[in-house]
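In case you want the letters, here they are:
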Amino acid sequence: MSRLLVVDDEANIRLLYAEELKDEGYEVVTAATSAEAVEKLQGAVFDLAVLDIKLKNESGIELLQKLVKERHEMPVILCSAFSCYKDDFSAWLADGYVVKSSDLSDLKQEIARILAKKAAKVSK
Amino acid sequence: MNLDCCWSREVIEQADCPNIQGGEEDLLASKQQRNLEKCADCSLFHRSLQQLYTESNPLAPIFSGFLDEFRRQKSQIQSLVSFLDNKTLEIRFLHELGYVLQSSVDLDEVLSVALTAITAGKGFGMNRAFLLLCDRDEGLLKGYLALGPRNMEEAGHVWNEIVRNDMDLQAMAQNFRLNKLSSERAKFHDILEKLTISLDDKEHILIKTLEGKRPVKVEQAFQHPNVPSELATLLGVDTFLLMPLISRSRWVGMIIADNFITHRAITDEDMHSLETFGFPVAFAVERAALYDKLQVELSRVTEAGKKLKEQQELIVRMENMALVGRITSSIAHSVRNPLMVIGGFARSMLKNSPESDPKRTFIESIVAETRQLEGVLDEILNYSDSLYPTRDFWDVNQLVKTVLRDTGEALSLLGYVTDFEPGDDIKSVYIDFKQLSYCIRSVLQNDIAISGDDRSISISARNGDGCVLLAIEDRSRHITQAQLDHFLVPFSETRDLGTGLALALCKTMLEKQEVPFTATADEQAGICYTILLPTRKEEQS
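Those sequence lines, one after another, are chains A and X.
Under this note's numbering, think of the first position of the first sequence as 12, with each following residue one higher.
Under this note's numbering, think of the first position of the second sequence as 8, with each following residue one higher.
Chain X on its own, in the form it takes in the complex (with noise of 0.2 Å):
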């Protein structure tokens, strides 16, 4: 026996191994490293131990033995490394899922992370996913979101560019939400619009497979028994493999996947894989749609508050208010009642007194008297009203013309011509309907005294930015402009009957409601006021 082969040697050169690879050169100096990578499976080692055989040693059966078994054990560890490789992968790639399903409450990135896992070659490598969700509400369960190529061309498209970026799977993922995620449900929209299944169908296989609780391969989906033949034919793929999402026993929803391009079977393997990645996608996709209505109700929550903070300050002005009432109306019964028993008294003696009575100068005295204290009450009564607007949506032309109807005959016995140009389409204004009367009859019907030949009024209305815009010009009083911001004073002025407050209480009322008010006074033209009224709730504060 030639002893003096490659195997025996301490130290071999590159050229007299024929399995010493590039390097390996390492195993050029080690023979029993060497021995066992590679002599056992080497032709020359086990030609030597051929010549064992022929030169009939008895060792060379119990070597052989020894030889088998070695490779046997050999190949049960690679194959053990194999699995142990890829279980770290599987491992590595459920953390990093597990990371990133864990960090988002946002159900489309959820849902982005979970359909990118199950299609990416560095997941689980399926070509379409489908992910159903369940609607309680509406007792369904509905196609939500789906991800993949529809065929080969763009399957090769949509790969080679996966290989190119070489992403991890949260960047996949990301880049799916931002710049796919509404495209591919458009482009999916025809499957995932019929996938729609009631969740009391407890017959379909979708809702059988929910109750179940497990992940189902199906094969030959067309001739399946338990497949609807829709089903098979909506996605046109003979085997797929439908996943439960199920978080603490309830129905979250489902993914289909299947790999309609390729046709790659689905391994048991798989289905293990996916089942244990079922668990924290329903956990998560869960979780955001808790989050999501979360948020609707912390919404809802934020704007009672807001409801309640406004019903809370309303209701303090409506004690304001009611306080203000009762004073007011005591104020009324207590002045106006006796005022008006006295007053009424003097003017029936007055009627029936001879106009040569002398006591009919003090009764008309009297009379007068009584006349100006009612109007310093009505204006009183009028200035404690305007200090709680009560603002509502109104028709402004409307509103001008009740004024106007109202004023008309007073106006007309002074010889008044008023002249209204509604404006078209007008826009309704967010106003106190009282006050404005108020404000637009003491605009017509002042303090301010009469000086022109030329006695009209023009009213028009026009829609503004975001107002109504009233003018009124009055072209029978000429006064200068101090003259009027004069008269726009509080109490600055005292009248024959009243305090003169009119027109001051014009401006008070609406400076209360936040409505513009100008008036400019020209001793030619005579008064334009100008008011502008909102048409929006925020134009006031």
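The following block holds chain A by itself, in its conformation from the complex (with noise of 0.2 Å):
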């Protein structure tokens, strides 16, 4: 089973993520914030990351920035309100991009696309 981590600074997103993305099999772990998820990253092995591009008061590309520095073997999906940042050159370092909507099934597209990218990966 794939462990993912999700960061975003709503409560009730990180619920809707949790709820929606465990039904399709994977472990889901959340932060609300960049401190928890560096936190919850220390000793612990995720396969996946989700992270909210906005989050309050910093943000997620700063996160995103430090996690591709210091874990960069985990790859990391962007989510945001709007599509402009996928634009922004500091956003092409993610693996993906998903703007948000109440219809998930990009989000879960993306990240088993990017999983059986890694699992092939991996297995050469």
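By construction, these hints were calculated from the structure, which means they are not laboratory data.
Warning: the hint list may mix true and false statements.
[Unchecked claim] Mimicking EDC-like on lysine to aspartate or glutamate, the simulated pairs with C-alpha atoms at most 20 Å apart in a straight line are: (1) Lys358(X) x Glu31(A); (2) Lys38(X) x Asp48(X); (3) Lys128(A) x Asp413(X); (4) Lys514(X) x Glu480(X); (5) Lys358(X) x Asp117(A); (6) Lys81(X) x Glu44(X); (7) Lys209(X) x Asp144(X); (8) Lys201(X) x Glu191(X); (9) Lys358(X) x Asp34(A); (10) Lys119(A) x Asp413(X); (11) Lys194(X) x Glu161(X); (12) Lys128(A) x Glu416(X); (13) Lys81(X) x Glu31(X); (14) Lys129(A) x Glu84(A); (15) Lys358(X) x Glu30(A); (16) Lys544(X) x Glu310(X); (17) Lys51(A) x Glu38(A); (18) Lys358(X) x Glu35(A); (19) Lys129(A) x Asp58(A); (20) Lys224(X) x Asp277(X); (21) Lys119(A) x Glu416(X); (22) Lys358(X) x Asp114(A); (23) Lys194(X) x Asp115(X); (24) Lys67(A) x Glu21(A); (25) Lys201(X) x Asp144(X); (26) Lys129(A) x Asp106(A); (27) Lys519(X) x Glu326(X).
The task is to assemble the complex, starting from two chains supplied on their own in separate frames and drawing on the hints.
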């Protein structure tokens, strides 16, 4: 079972992600802030992180940069309320980019695609 | 003693005096003037004076002494008059030269005047003149321009022409600048090219002359210990003049003048005249050079001012963009997150509720309304995004391929077949990549109902005049032109998923970038979209 870390400052969204992704068969751990995310990453292994680009009073991009630097083997999917960040070069560090929607199909597809890619890479 | 000689008569006839020429008839009636001007040198008068000696007249030696002194003083006065005439001519020439030099700030014009003045018969009458200018940046004294004939035949031709045209200095200089400057420069290119000396070469005679600040006449150049043999060989003359051009202690350049054709000796008088001439020339050359630099600086400042203005406009635009960005970001988060939660949980509940649950209809309504609100939000955010395009040069072939890759799966699900014909050697287009991508996506996937069996879309790109023509033919949507025009007006349609803004938004975005966009509908053939993408920045204001 793949372990996912979901970072979002909105409690309801964390809950929604957790419920929906558990239904998809993933083990989900959530964090509300960068600090909490970093804390949960300590000594733990995650297969993928889902990261909100705009956390309360802090930038998800900064956390992304930190994750890429320190946990480069862990893919990250950025989630945002609108699409323009997709063209921000600092967001290109992420492995995937999904615009937030009540329909989580895109997010689920993206997670599946990236995990499959990662698995293929490992098996090579 | 016979006193009835012509010198003693009050009035004489023309035939009486061998010295009075035509035009001097007034002397025939003026005894005193005639005696002063003509008799002192006349043999008849001398013969009469000799008679005084013969007659042992004691006045004879006294008259003779007076006559000698008179003749000596007369000769001296004539010499002084001649000197004064020459100086008057020289002053007139220098005045004319000064006037011409002061009235110009064009370097080539000033140099033309200077060289013409040195070589013109009305000026200093030297055969050739070479002008070298100091390049302080490179630390060199470099040959810049030369004037004069290269052989006897050319000299005869040029000098005859000057005599025939009888031009003043200004006209000659102007004629030289307009008609001969380039050809003279080319004619002396071989010499000018080699007249390059480092300003640090303190032992070189040209640099020494600059340091000395005085003209130098070089004689016996081929044997001269201080003249490099290559310089003498290059000039091909034994005697030449070096005139430093100094302005306020600054080295401006050097003029080398010689009499290559006539071999006339260069006199001290020539040296003195040229020294007087050197100062205004140096001043005018420096002033013209400074004026040139000023012009360059002025154009730089103008350019910088233009760029500054552009930057200011950009800053204002960026401030506007930032403001719009902040507002849209705020809207996006304020609206999208609750929508996502409401819709997301509704979907979750729907997924987990049995088909028989009576509340399912309500939940489905929540899901549908949330979807529509999310669609509206997407389009409003895209619309605000379209207000400030960010343009750059992009490869349109690559852009279309990217869009087709992104939309390929969705289009194939709808049964579409897309065909792209990329243009050969297609030019880069100056557009907002993101917005054009959105436009092409919207043209491929829009709200117009699919009505035909033929679900094919052809895209082609080809170079046009100052643009790349991108054509998209959609054969699946059959509507009238009026219906299509309705779709191109913002907020004129409301669809199930959003506002029906997509095509109207395309038009707005492209208009904002001043990119011509046309859409023509045919009820049988489908819709043809044409976008003319600019390949140059100036195509857009």
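Is it true that the CA of Lys224(X) sits at most 20 Å from the CA of Asp277(X)? The given pair, whose Cα atoms are some 10 Å apart, holds under the 20 Å limit.
Given the hinted pair Lys358(X) and Glu30(A), is their Cα-Cα distance within 20 Å? Roughly 12 Å between the alpha carbons, so the hint for Lys358(X) and Glu30(A) holds.
Is the Cα-Cα distance between Lys519(X) and Glu326(X) 20 Å or less? holds (18 Å)
Next pair to validate is Lys201(X) with Asp144(X); report whether the Cα-Cα distance is within 20 Å. holds (19 Å)
Distance restraint between Lys128(A) and Asp413(X), which requires alpha-carbon spacing of 20 Å or less: Cα-Cα ~18 Å, so holds.
Pair hint outcome, Lys129(A) versus Asp58(A) [Cα-Cα no greater than 20 Å]: holds (9 Å)
Between Lys119(A) and Asp413(X), does the CA-CA distance stay at or below 20 Å? holds (17 Å)
With a cut-off of 20 Å on the C-alpha distance, tell me whether Lys358(X) and Asp34(A) pass. holds (11 Å)
Given the hinted pair Lys358(X) and Asp117(A), is their Cα-Cα distance within 20 Å? This hinted pair holds, its Cα atoms lying about 17 Å apart.
Checking one constraint from the list: CA of Lys129(A) to CA of Glu84(A), max 20 Å. Satisfied? This hinted pair holds, its Cα atoms lying about 9 Å apart.
Quick one, are Lys358(X) and Asp114(A) close enough, alpha carbons at most 20 Å? Between Lys358(X) and Asp114(A) the Cα gap is close to 12 Å, so the pair holds against 20 Å.
CA of Lys514(X) to CA of Glu480(X), is that 20 Å or under? holds (17 Å)
In summary, this structure violates none of the numbered hints.
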